[in-house]
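Please build the complete structure, drawing on both the sequences and the hints.
If you're matching them up, the sequences are chains A and B in order. With the first sequence counted from 1, adding 76 to any position gets you my numbering. With the second sequence counted from 1, adding 233 to any position gets you my numbering.
Covered stretches of chain B (in silico footprint by chain A; criterion: 3 or more residues with CB under 8 angstroms from a CB of chain A, positions within the stretch not fixed):
| id | region |
| --- | --- |
| 1 | 302–311 |
| 2 | 325–336 |
| 3 | 346–354 |
| 4 | 398–412 |
Part of the chain A face toward chain B, derived, beta carbon under 8 angstroms:
| id | residue |
| --- | --- |
| 5 | Pro79 |
| 6 | Gly81 |
| 7 | Ala83 |
| 8 | Gly93 |
| 9 | Ala125 |
| 10 | Pro176 |
| 11 | Met181 |
| 12 | Ser307 |
Partial list, computed: chain A residues near chain B (C-beta under 10 angstroms):
| id | residue |
| --- | --- |
| 13 | Tyr82 |
| 14 | Gln90 |
| 15 | Arg127 |
| 16 | Ser175 |
Just so you know, the hints here were simulated from the structure itself, not pulled from any lab data. Beta carbons: idealized from backbone N, C-alpha and C, even for Gly.
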Amino acid sequence: MRPFGYAAPATVEQAVGLLAAEGSEALAGGTDLLSLLKDDVERVDRLVALRGVAGLSGIELDGGMLRIGAMTTLQELRDHDGAIAALPALAMAIDGVASPQLREMGTVGGDLLQRPRCWYYRRGFGLLALAADGRSMVAEGDNRYHAIFPTGQARFVNPSSLAPLLVALGAEAVVHGPAGERRLPVEALYQAPQTAEERENTLAPGELLAGVEANVDGSRSAVYEVRQRRSLDWPLMAAAVTLTGSGPRAEKARIVLGHAAPTPHVAAAAGDLLSGQELTPETVAAAADAAVEDARPMSGNRYKVQLARTAVRRALGQAAGMEI
Amino acid sequence: MKGRRVTDDAKRSGFSRRSFLRGGAAGALSGGLATGLLTGEAGAAAADADATETVGPGPVEIELEVNGVASRLAVEPRVTLLDGLRDRLDVTGPKRVCDRGTCGACTVLEDGRPIYACSRLMIESAGRSITTVEGLGSPDAMHDVQQAFVDHDAQQCGYCTPGFVVATAALLARHPAPSEPEIEAGLGGNFCRCGTYKGIRAVVAGGKGGGVTGG
Ligand SMILES: Cc1cc2nc3c(=O)[nH]c(=O)nc-3n(C[C@H](O)[C@H](O)[C@H](O)COP(=O)(O)OP(=O)(O)OC[C@H]3O[C@@H](n4cnc5c(N)ncnc54)[C@H](O)[C@@H]3O)c2cc1C
Chain A
77 MRPFGYAAPA TVEQAVGLLA AEGSEALAGG TDLLSLLKDD VERVDRLVAL
127 RGVAGLSGIE LDGGMLRIGA MTTLQELRDH DGAIAALPAL AMAIDGVASP
177 QLREMGTVGG DLLQRPRCWY YRRGFGLLAL AADGRSMVAE GDNRYHAIFP
227 TGQARFVNPS SLAPLLVALG AEAVVHGPAG ERRLPVEALY QAPQTAEERE
277 NTLAPGELLA GVEANVDGSR SAVYEVRQRR SLDWPLMAAA VTLTGSGPRA
327 EKARIVLGHA APTPHVAAAA GDLLSGQELT PETVAAAADA AVEDARPMSG
377 NRYKVQLART AVRRALGQAA GMEI
Chain B
234 MKGRRVTDDA KRSGFSRRSF LRGGAAGALS GGLATGLLTG EAGAAAADAD
284 ATETVGPGPV EIELEVNGVA SRLAVEPRVT LLDGLRDRLD VTGPKRVCDR
334 GTCGACTVLE DGRPIYACSR LMIESAGRSI TTVEGLGSPD AMHDVQQAFV
384 DHDAQQCGYC TPGFVVATAA LLARHPAPSE PEIEAGLGGN FCRCGTYKGI
434 RAVVAGGKGG GVTGG
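As structure tokens, this is what we get:
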């Protein structure tokens, strides 16, 4: 690793002040950031350690409102019986990160903001991986794990296991910055960059993610991941669903795909199709088809379209408590 | 050292949290769950001008406890816990294999929790207690898990073994009599290229949990 400075602020205000300086980057559990620094994919002048910042860690369940601090580790969240009982889908998402060491170190904020796994990005070719002549290394190269919903020049996928669930739930992100606090849907934390300067998240310089909040009352959620290996790897495809209403009828359905697009991909048409409907093998299959209707797979990832269908069907089946 | 508790969460060796970074930047650790989570107010009381100081990139003096011994050393912020242990403190049990948080050969306990030492900056472990495979037991006073690895012939080339021993101790501290899925999940962060998984599972299934957690 190249040399860098280090600061360990005690308060959110101090952290925000430090992060506003150019070349400063937030350090949470370090499981992703240190690898990027070792490989010289990212460079920093100073790391701002969030580990000692008060108020960023912990879980509160208040009525139906679940609040999770960004520095809460995945293991702390998994061990919180109240949170898991209120939202069993959290366990489905976290258990996929099948390494105790990663769960002990990795934080909720770090999971949501981990950088893409695209191997062109990880080899230093940038998020868009454009050759000098402007052609896409991804489109013309090995894209087996890339997006089936590429967005402009962005062809990587969002790798977070928590993000699709939080987006399906309509969770809010709590962000602190130089201008104070702002709240935004978790969905709006993400963007598909179109220039080399842009990132895949929408945090401005000096901003940090303080935590997430979701209303977990009156809905049923599930996560289904398709994996090549059960440990030490990311899923090939993931689906998270949230259904409101009880019984076989879904008042409203939200279906979100992970590992499908540069951002967690909201399959709006599929959700609309199911809203107000009874969940049957037929309606679920129709929703799964609708979820990939506008997919645009590349040369090597057509198989992911079928994985997406399967993930949607199985996530819906789990949320509704039925064999599908 | 047999039977030393590996889950002892808050065992610290007397030096105060606030002075662990001799270089100046005191990292006031929030004690437990903060009240006022996400309100942005919780930290105000703990405000400390020192905490905005930047240390490094040159060496910074830190203190941490390694296998029960208080250690003080000067490290650059970029030094990982793994490299600091191996190259500076001569604690070479944790192995450097993938160096990217994927193989588990560097597994150590930090305040009783299993972590990848390659993915933690040593400066981040200042003020904390680290246990490596050496801290679990020694060749003539082996920890139950270490003895079980010998009994079940659970190693081949041996390079992943220190990490597996520590991960197994952590698993058994959490689940003294783990089920099959718990064993699979509990050792899911470690990788053995020789494929000695059968022997390692026999260690875990051997019910050595009592010895690990029992003190
Ligand atoms: C082998 C392997 C398999 C994995 N499999 C999975 C998987 O299946 N599913 C999955 O979801 N993840 C998986 N992961 C990723 C892992 O979950 C992440 O590395 C981890 O959650 C990142 O958290 P961290 O706290 O260590 O983040 P860090 O590495 O500290 O930070 C990651 C990024 O987020 C930024 N950041 C972190 N917190 C904040 C904050 N509060 N505010 C602003 N910016 C912040 C950092 O600046 C950095 O850019 C895997 C990792 C490995 C190594």
